[in-house]
Amino acid sequence: GIQVEQSPPDLILQEGANSTLRCNFSDSVNNLQWFHQNPWGQLINLFYIPSGTKQNGRLSATTVATERYSLLYISSSQTTDSGVYFCAVPVSYNTDKLIFGTGTRLQVFP
Amino acid sequence: NAGVTQTPKFQVLKTGQSMTLQCAQDMNHEYMSWYRQDPGMGLRLIHYSVGAGITDQGEVPNGYNVSRSTTEDFPLRLLSAAPSQTSVYFCASSYERDEKLFFGSGTQLSVL
Numbered sequence: 109g110i111q112v113e114q115s116p117p118d119l120i121l122q123e124g125a126n127s128t129l130r131c132n133f134s135d136s137v138n139n140l141q142w143f144h145q146n147p148w149g150q151l152i153n154l155f156y157i158p159s160g161t162k163q164n165g166r167l168s169a170t171t172v173a174t175e176r177y178s179l180l181y182i183s184s185s186q187t188t189d190s191g192v193y194f195c196a197v198p199v200s201y202n203t204d205k206l207i208f209g210t211g212t213r214l215q216v217f218p
Numbered sequence: 440n441a442g443v444t445q446t447p448k449f450q451v452l453k454t455g456q457s458m459t460l461q462c463a464q465d466m467n468h469e470y471m472s473w474y475r476q477d478p479g480m481g482l483r484l485i486h487y488s489v490g491a492g493i494t495d496q497g498e499v500p501n502g503y504n505v506s507r508s509t510t511e512d513f514p515l516r517l518l519s520a521a522p523s524q525t526s527v528y529f530c531a532s533s534y535e536r537d538e539k540l541f542f543g544s545g546t547q548l549s550v551l
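Top line first, the protein sequences correspond to chains A and B. Under the numbering used here, think of the first position of the first sequence as 109, with each following residue one higher. Under the numbering used here, think of the first position of the second sequence as 440, with each following residue one higher.
Keep in mind the hints are simulated off the structure, nothing from the lab. For clarity, every value in this text was computed on a predicted model and none was experimentally measured. Please note that a few of the clues may not be correct.
[As the list claims (entries may be wrong)] Taking lysine to any residue and the SDA-like style, the derived pairs with C-alpha atoms no more than 25 Å apart in a straight line are:
| # | chain 1 | residue 1 | chain 2 | residue 2 |
| --- | --- | --- | --- | --- |
| 1 | A | 205 | B | 456 |
| 2 | B | 539 | A | 123 |
| 3 | A | 205 | A | 119 |
[Said to hold, decoys possible] Far from chain A by the CB rule (all over 12 Å, computed), these chain B residues:
| # | residue |
| --- | --- |
| 4 | 443 |
| 5 | 457 |
| 6 | 461 |
| 7 | 480 |
| 8 | 496 |
| 9 | 498 |
| 10 | 502 |
| 11 | 503 |
| 12 | 521 |
| 13 | 522 |
| 14 | 524 |
| 15 | 525 |
| 16 | 547 |
| 17 | 550 |
Built from N, CA and C at the ideal position, the CB exists for glycine as well.
Okay, chain A solo, but in the shape it has when bound (with noise of 0.2 Å):
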């Protein structure tokens, strides 16, 4: 089955910095997701983005299905971007079985 990876694992930042979080792909999708999770554990949908690049506030997102990686990019990071990003898959193709990554965990010292 597809295989999805995130890197880098852990990520350390002061507040302030730029920072760019990785996912790869083994096979072509149709819808890739990220989502955020905050240390009380909540899941929040950051970015439905098959194909292109949008941006919300200072977070930005670009997929390039053909290469088969996503990257999230964070701008002034704060202290509140802190907790786990997802990225999620579909197993194949027009199936509604998602496959989540295993996140990059960030930390964002003030």
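Once you have looked at the hints, place chain B on chain A.
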């Protein structure tokens, strides 16, 4: 809109007990699903439903039962709890397949 509502937030069970985790959404979403999250393993799909009366298995369905009698509700039943089912459970929904997925706040379950 309340979004996706899960109850209870915490639960402790003894091995062999049964219980139902409740999930409700008020966004008229057709697609609903249950995930479990274990340390270092991300989220794994248990069961999902593409509409009322239709359910299907995910990645880790054994030991769990679901039904979807209404669009709003998608309960998850543990028939005979085992320590291996200790986990955090999340319910999620989206308007249709391949749409943005929204999660509930989770249920932390411990099976002793």
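Hint check:
The suggested pairing of residue 205 of chain A with residue 456 of chain B is violated, with an alpha-carbon distance near 29 Å, which exceeds 25 Å. Taken as a hint, the residue 539 of chain B and residue 123 of chain A pair is broken in the structure, with Cα atoms around 29 Å apart against an allowance of 25 Å. Of the pairs offered as hints, the one joining residue 205 of chain A and residue 119 of chain A is violated, with about 28 Å between alpha carbons and a cut-off of 25 Å exceeded. Consistency note on residue 443 of chain B: stated as away from chain A, yet its beta-carbon is not over 12 Å from all of that chain's, at 10 Å minimum.
Distance check for residue 457 of chain B against chain A: the nearest CB is about 25 Å away, which clears 12 Å, and the non-interface claim stands. Remark: the non-interface label on residue 461 of chain B is consistent with the geometry, its nearest Cβ contact in chain A lying 18 Å away (cut-off 12 Å). Its closest Cβ contact with chain A, about 7 Å, brings residue 480 of chain B to no more than 12 Å, contrary to its assignment away from the interface. With 12 Å as the threshold on Cβ separation, the claim that residue 496 of chain B sits away from chain A is violated: the shortest Cβ distance comes to roughly 9 Å.
Chain A draws residue 498 of chain B into its interface by the beta-carbon criterion, the shortest separation being 7 Å against a cut-off of 12 Å. With a least CB separation of 18 Å from chain A, residue 502 of chain B remains clear of the 12 Å interface cut-off, as annotated. Separation of residue 503 of chain B from chain A is adequate, the least Cβ-Cβ distance of about 15 Å exceeding the 12 Å criterion. At roughly 23 Å, the least C-beta separation between residue 521 of chain B and chain A is larger than 12 Å, which holds for a residue marked as non-interface.
No beta-carbon of chain A is positioned within 12 Å of the beta-carbon of residue 522 of chain B; the least distance is around 21 Å. Distance check for residue 524 of chain B against chain A: the nearest CB is about 18 Å away, which clears 12 Å, and the non-interface claim stands. Every CB of chain A lies more than 12 Å from the CB of residue 525 of chain B, the least distance being 15 Å, so the non-interface label holds. For residue 547 of chain B, the non-interface assignment is contradicted: its Cβ lies about 8 Å from the closest Cβ of chain A, within the 12 Å cut-off.
No Cβ of chain A approaches the Cβ of residue 550 of chain B within 12 Å, the least distance being about 19 Å, so the stated non-interface status holds.
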